[in-house]
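Novice: The primary structure of each chain is shown beneath.
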Amino acid sequence: MVGHTGSGKTTLAQVMAALLPPTGGKVRLWDSEWTYPRELPLELRRRIGFVFQFPEHQFFAETVFDEVAYAVRNFGLDNVEGRVRAALETVGLPFMQFKDRSPFSLSGGEKRKVALASVIVFDPDVLVLDEPSAGLDGESKVEFWNWLWRYRARGKTVVFITHWLEEAARSDKVIVLSAGHVLFYDDPVKVFSHASTMKRIGLEPPLAAEVVYELQKKGTFPWVLDLDKLLEALEEYALWP
Amino acid sequence: MALRDTVLIGQFVPASSALHRTRAETKILMTLGLIVSAFLSKSFAVQSFLYFVLIILLLLSQVPLRFYAKSARAVLWLVLITFVFNALLTGSHVLWQIGWLAFKLEGVVQGAFFGLRLFFVIFASTVLTVTTSPVDLADGLNNLLRPLQRVRVPVEEFSLIMTIALRFIPVLADEADRIVKAQKARGLTLSGGVMQRIEKLIPIVVPLFVSAFMKAEDLALAMEVRGYVPGVRRSKYKVTRFGVRDIGFAFMTLLVVVVSVALREVWTFSL
Amino acid sequence: MIEVRDVSLVIQDRAIVDGVSIDVPEGQFTALVGGNGAGKTTLIRLIKGIVVPSAGQIVVDGTSSLGAPRDFALRIGVVFQNPETQIVASVVDEDVAFGPENLGLPTAEIARRVERSLKLVGLWDLRHRPVHALSGGQKQRLAIAGILGLHPKYILFDEATALLDPAGKREVLDTALTLVREGIGVLWVTHDLREVFGAHKLYAMMNGRVVFQGSPAEFLSSSSSLKAARVLVPDEARLAQFLENKGVAVEWPITRQRVLERIKSLSLKTSS
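Protein chains in written order, with my numbering: chain P, 1 to 241; chain A, 1 to 271; chain G, 1 to 272.
Careful: at least some of the hints might be erroneous.
Listed next, the in silico DSSO-like pairs over lysine-lysine satisfying Cα-Cα at most 27 Å (straight line) [said to hold, decoys possible]:
1. Lys218(P) / Lys246(G)
2. Lys229(P) / Lys173(P)
3. Lys199(P) / Lys229(P)
4. Lys42(A) / Lys26(P)
5. Lys217(P) / Lys201(G)
6. Lys184(A) / Lys99(P)
7. Lys217(P) / Lys153(G)
These are computed hints drawn from the structure, not numbers from a lab.
Just so we're clear, the structure is a prediction, and the values are computed from it rather than from any experiment.
Construct the complete structure from the given sequences, taking the supplied hints into account.
Specialist: Written as structure tokens, this is what we have:
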């Protein structure tokens, strides 16, 4: 989900995840319709994981274990230790080394990982993330994205919010929001071919998209959004001096 | 609705009305005058008169009425509770009875009076905070309290603390909203007995405190970097002099107090 | 010029900053990159004098900053990451006045400084706005204006764009570049190399040490330095490198515009 600040990304994501009641319309979650002011039943709540921007700001527990176990206990799930262990190892934090540490004493990157673990620990079917890579350095971003694609590969639905169209280019579907409206909801290639529209609503298209856009004016050039593929295509299609 | 939408205090609405351009000191004294007048009397005549003055002030402020309506909604339940409690607990002439709840005539009258007075006091204060920027408000209070500096009350520090508190109320309200939602997403439900509920608040209160402390630390650093040294005398960017407007409002306040005192015994509610 | 000379900060036997030497000249844009925890923020605090170094010294305009008087300390301003916690007052112009008020300046002088600062960051038209109505980029520009009111010769930007959206980042970077043209020395800390292609000089830090110093172009061609600084090579730079290898050089500093200009000059094998 992409859009400039104030386009309604966070609001839509929260409505989608039944954290914010819509003032009109309905939200259908699997087989139930969610209407305000009814609280979402726990068995449905469990199927949606929501990772807020700077999720480490929600820490409260004395140990990493308790922090990650919080949701497991709330949802009344069994095998608390097994789940916490699995969640921590999934995000790349060795269980024994981290379980007794204070979540507040960790480094920035580690905090982010614990925060992620505290959500994926209940194994939600849908994971919604609001600008999950904000504040991470380059290497940590790459590490995070690789992790996210692995999570998706487990058959999970992932919805993430970002300002960066490069980050959105690898997804299956892109939702573009502008001033509270859905402008596009389509394959990345189709969406990003509207380079001028993207710029008009304050978004910077991926560099590859802009290059393809220019080259297709000149002749045959395939649609690619990824830089590696772009370089391969340039090698093949362009005439070099 | 986000929490901050329901918190009007500190929600200054910029405009250039006569009220906006009046010194904060004058407005604070005026508000105090109105509140004192409201408390001085038991008379519906004074109430009507004060509401008349209030409406004039609302119109003078040139602030869209919906801003006031929002704050009115927020305090309405408080006013209603005041009314109901009085109606049930005071007097002997039963007006009507629902089960064991008996609404009594004296109580209804007194409740209406207290409710109206409470509503007036809150509204009069809202006019002040809506037309005065928090900084001006803090400065105004600071100036009014300055004589207390002689007895070593750290007035300057108080006023700065207030400025900052007002600035950060909406920020922390947003933060609280986010934390509640984040914990809800992790399965928090606010039900159960009193002790259970209190325990369930820990995952909300702790992060909020941590965040407030972290913000306070960041802000303290930013203030230091901007040359703030506690206790060192600061100068003023906005020095407005007492003018015709201030004299006008001061005179009006005096008039309101005098009229209120004069009408004290007219149309009172004691039966 | 700010000269950082062999500065270290040791806390509990751990060197957070370890023998760092860097220069921040007036009227120049100096970049500092490095991963989370590399010691960048601590270095900023050392330069500003918030933290006292365990060893080494910081010389500002020829004078050691240790024990220097207050107005001397004000030569260096800092813009932090979070705009929210740098703004004291609730209205734009009143916030800019906060710094000059602290200096006890006369009202007329404060008003002059408020006007000049807000005009420099392009917020003069919004001077009566409540702070909460500003965008992230505008808030950060306001934080810069708040620093400018103190007439600094140098401004240190500690990941000042990290929390902003692309438009906000652009606004704040452009403002910093304006200040450089005004003669202010800027030290710009970031994770995003695209912001520092035009830097006069670039330093990279890892584990409290400076592991690279040189031009941004040299930095990009040193894969070991890139790895140490934990930064991503921007697509623009990778494409420019590819084009250069093909004999179509992109002029420095690389910008998306310049790369696209070169792309437009290419011919395809099957043209339409």
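Novice: Hints first: check each against the structure and report whether it holds.
Specialist: For each hint, the structure was consulted:
{"no.": "1", "hint": "Lys218(P) / Lys246(G)", "verdict": "holds (19 Å)"}
{"no.": "2", "hint": "Lys229(P) / Lys173(P)", "verdict": "holds (19 Å)"}
{"no.": "3", "hint": "Lys199(P) / Lys229(P)", "verdict": "holds (23 Å)"}
{"no.": "4", "hint": "Lys42(A) / Lys26(P)", "verdict": "violated (52 Å)"}
{"no.": "5", "hint": "Lys217(P) / Lys201(G)", "verdict": "violated (38 Å)"}
{"no.": "6", "hint": "Lys184(A) / Lys99(P)", "verdict": "holds (23 Å)"}
{"no.": "7", "hint": "Lys217(P) / Lys153(G)", "verdict": "violated (49 Å)"}
In this structure, the earlier hints numbered 4, 5, 7 are contradicted, and the remaining ones agree with it.
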